[in-house]
Amino acid sequence: MSKNTITETKLVKGLKTKFNKQITEEYVEPNRIKISTSPTNLKAVALAIKELGFDQIISQGATDYPDDNLFRVEYHAICVSIKKFRRIMFAIMTTIPKNKPEIETLLDIWPSVEFHEQETFENFGITFLNHPRMERLLLPEDWDDIPPLRKDFSLPGRD
Amino acid sequence: METFEDFLKRILSILFWLLLLSPVIIFPVFFLLIPLLGISVPTTNEFLTALIDPIKGIQLANKYGVGPSSTFFKIAAFPGFTFAALIATITILYERKLIAKVQLRVGPLYAGRFEGVLQPIADLFKLLGKEIVVPEKADKFFFWSAPILSIGLGAALLAVLPLSPNIYIARSDVSLLIPFAIIGFSPLIVLIAAWASSNKFAFIGGLRALHQLVAYEIPMLISVLGVVILSGSLDLISIVESQQQVWFIFPQLLGAIIFYITILSELERVPFDIPEAETELVSGWLTEYTGMHFGLLQLGVYIKFYALSLLFTLLFLGGWYGPAFLPPLAWLLIKLFFVITIVILPRAVMPRLRIDQLIRLGWVWLIVLSFINLFIAVIEVSLGVI
Amino acid sequence: MVTDPTLNLLVGKASDLFANVIEKNVREPIRYLINWGRLYSLWPVHLETACCSIEFGAASGPRHDLERFGMLEAFGSLRQCDILVVQGTVTRKMAPRMKWVYEQMPEPKWVIAMGACAISGGLYVDSYNVLQGVDKIVPVDVYIPGCPPRPETLIQGIIELQNKIRKSKV
Amino acid sequence: MQVVDQGGDKMVLHVGPQHPGSGHFRIVITLDGDYIIDAKPDPGYVHRGAEKMAEYRTYIQNIPHLERPVIIDATGITLPYVLTAEKILDVEPPERAQYIRMIMAELNRIISHLYWLAIYGIFLGHSTMFMWPMGDRELFIDLAESIGGTRVTFSYVVPGGVRNDIPGGFKERALKTFQYFEKRIKEYEEIFFNNPLMQSRTVGIGILKKQNAVKLGITGPNLRASGINSDTRKDEPYCFYNKIRFDIPVYKEGDSYARCMVRLRELQQSMDIIRQVLDRMKPGPIKHVIRGVMRGEPGEAFVRTEAARGTMFYHIVSNGERFPYRVKISVPSFRNLIGMSHLLVGSRLADMPAIYWSLDYWPVEADK
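Chains as they are written, first to last, in my numbering: chain A, -16 to 142; chain B, 142 to 527; chain C, 346 to 515; chain D, 7 to 374.
Incorrect hints may appear among the rest.
As the list claims (entries may be wrong) - To give an idea of the interface, some chain D residues facing chain B are shown, with a C-beta separation under 7 Å as derived from the structure:
| id | residue |
| --- | --- |
| 1 | 132 |
| 2 | 141 |
| 3 | 197 |
It should be emphasised that the hints constitute simulated quantities derived from the structure, not laboratory data. Since the model is a prediction, treat every value here as computed from it, not as a measurement. For every residue, glycine included, the Cβ atom is placed at its ideal position computed from N, Cα and C.
One chain only, chain A, in its complex shape (with noise of 0.2 Å):
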């Protein structure tokens, strides 16, 4: 444990001992936390990652991963309200099965991620239950390919 990473290392075994292993570590590095947990306990490990000050969302994200058959939801937590705590950036991902894209929505913790929810709607096909508009932002209003982002979605000329 190097000196840079002191409150970052507290930061995540408070969430450890809170949630008794059900969230793995990925890694701590300065200014970095990155951890995964099931897409069950999201909303808890949210509120919890809430209560300790990070109360923005930078950027919410997939990623399609087709050889696992699955996708990984991404969220990037900021605080801007607590001075020690600013410089650092905490991911949580979780999987969720690509045969059933569905996850519960973080807006009533965190009100910022609305937009970002609705892209990830669009570009992926992941539905967030309990959105209130989970529509279409910024692709046209007729399009009726699959989500672009995916991966077997491939751009014209570059099969």
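With chain A's structure known, arrange chains B, C and D on it following the hints.
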């Protein structure tokens, strides 16, 4: 839809054929009918002399009722419509160049060889050749009538505005009231244009214009009353003549300022260009107007600009009075362009106001201030200052 | 006697002559005047499709000053506008709107395709959401290459458009 | 200009995409009288699929098309990409390159803020305030052009350093420009920021409270105008921002005027940073020359930097191929968009431009 140039071409070809056929048809009829009606026809000699010698020409024109002293000439040419349109055209160019200079640009440069002097003419020819689009859902009759009414209103304003003691179209004992009575119609025209367009932005713009124009007519009229009290007359020419010693802007500074602000509002100029606020309402009540419709509406606004600036000059700046080395008309034009400049300048330095701020300013502040101005005028008269 | 071929020929010659006279003395000056007015009074539609709009804005700024050519920097309503400057990439969502805007403009109207994306898709040639060239939906008069074109290039394109208008029929 | 009959006394206005006050996006406004009761943003008119295209290009090839979304602030969006790619490719830029990157980033911030100021002027109906910043922006573009080679799209920052060194005499020209521009800032204040009419249009309009700003995920100058002293350059310094002394302008009011003032002060701040950087810079190499196609290590990296509009975030996943496996871009405009409908509801229609552009929402950036 037929463009204006098709129309123009047709008219010109008809004229051409008429010219060609005139020796055969028109001249015999003319020469047979004229003696019967008892009008003397100018001889060829007279006619040719008139073409060469301007004085003879004017005499000849006077004989047939179209000379410079005739009412027709006054209304149509000088000091009536053509002159006003000319001043309006110059104002458009002047405005663009002046604003450009403030903004560290050059403004129109290439239309016309020198400094873009022909820019408004180019715009005019462009607008003449534009297709006229009437929206499908528009109220066609009112849609067409608004531009014509606008230009008509502009022209009617000129009826009683004198340019010098002897250059005027008509003189009336209450000639001050007539322009205000005519300006009272302008909200109606805006509303007609806005309603007939059948467009939401136009409609909001029209309603805003209605609020704005109504709110500003009252302080405008009251601010002028001070001048009336000082001069003791409603006749514009006698008002100017009573300023021979002191221009009314000095005893009536507050009134002049209020009148200036109301001019800005009446002309929908920055900071009161709320009905045409581009970033909210596209072009406001002008949104659906194309081609020459738009041109006529704009020309109407600029003729109104000229008329109101002239009114300011007459009421507050002593009209045509000035040191004797220049003729009265020249003094009037110098003062007129000074007024036009100060009306244009806010566009370079002011942002736009909001409609509620504008209405509060009009109904609360300007009306109160114009009444105060009225009392100032009364006190000045009773103390015998003027 | 009316059927006399020589007379017919004469009438035909005479009408040709008249047509020529009209063409030279009436139509030509009018054509010149109307075209002259048009080329110095090009009002652009305020339709920004992508990032080239920045360079369009810069071109109407003080250094390049499009108003020298009689162009207003940003005009309110498309009903009074003459040219549609397609300022960059046209996406699939924007394309129908742009066509609509073009159709709503009054005649005569011209289109300038500004930037590589508007010409052919440019950098976004393999994007799934980009129209590969605006000339598929609107007729383009002048193509201005560049990504984005410099304001000087835009001005050159406008001068080219003026030359085109100068020669065009009314 | 689509007519939607809603019934009742409500009016639905479609502002955009062809509207002088919208730019490249549309906002559907429901009006009750003069008040906005609902505002639904409809972005996506410039969605070009940059994230998907990034999966089909090498790390170097990605730079030009990733800077197109914000060509006003080209370095602002490519710098975090390059920083992320450097983490994956495991290269460290030399010291001088870091400093040049800071110069370019700050020049771009000035250019971007001046463009914003110009458009804000015209949005409030102040045409001179459009022209003056546009003219002064050209001076900074000249400075940036002398380094980057083109007016706006530099593609200047590359993994391992920067493309080329700054030209000789740059320092003198930059200082001269700054000296001139500091005088101009005072003139801007006189004609625009201290203008009572401008203040009456912006003071107290579109107030974004501190807790709402945090809650909604507002970022950048908009966040700092709501009283939160958060700037990535200070929070998590990249390049050599930790070696430079500068203050972040923070305003507490949270209204449109505060957002304007933050940006105006940042112009001054950026010039101070460039001055310090020019003093600290030492001659040296400017890039690590990397031969062949760069292949990243399998893994991922996420980086944020402070661009002109706020915190720019990149998340790149690599699987060891030539192309990145996934590039996630989170741009500040997209995150600020959420604030727009929040602020517009309850305000007057006439305040729409004053609020909209005070957020500095650049639709091309948000749509990617």
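Against the structure, the hints:
{"no.": "1", "hint": "132", "verdict": "holds (4 Å)"}
{"no.": "2", "hint": "141", "verdict": "holds (6 Å)"}
{"no.": "3", "hint": "197", "verdict": "holds (6 Å)"}
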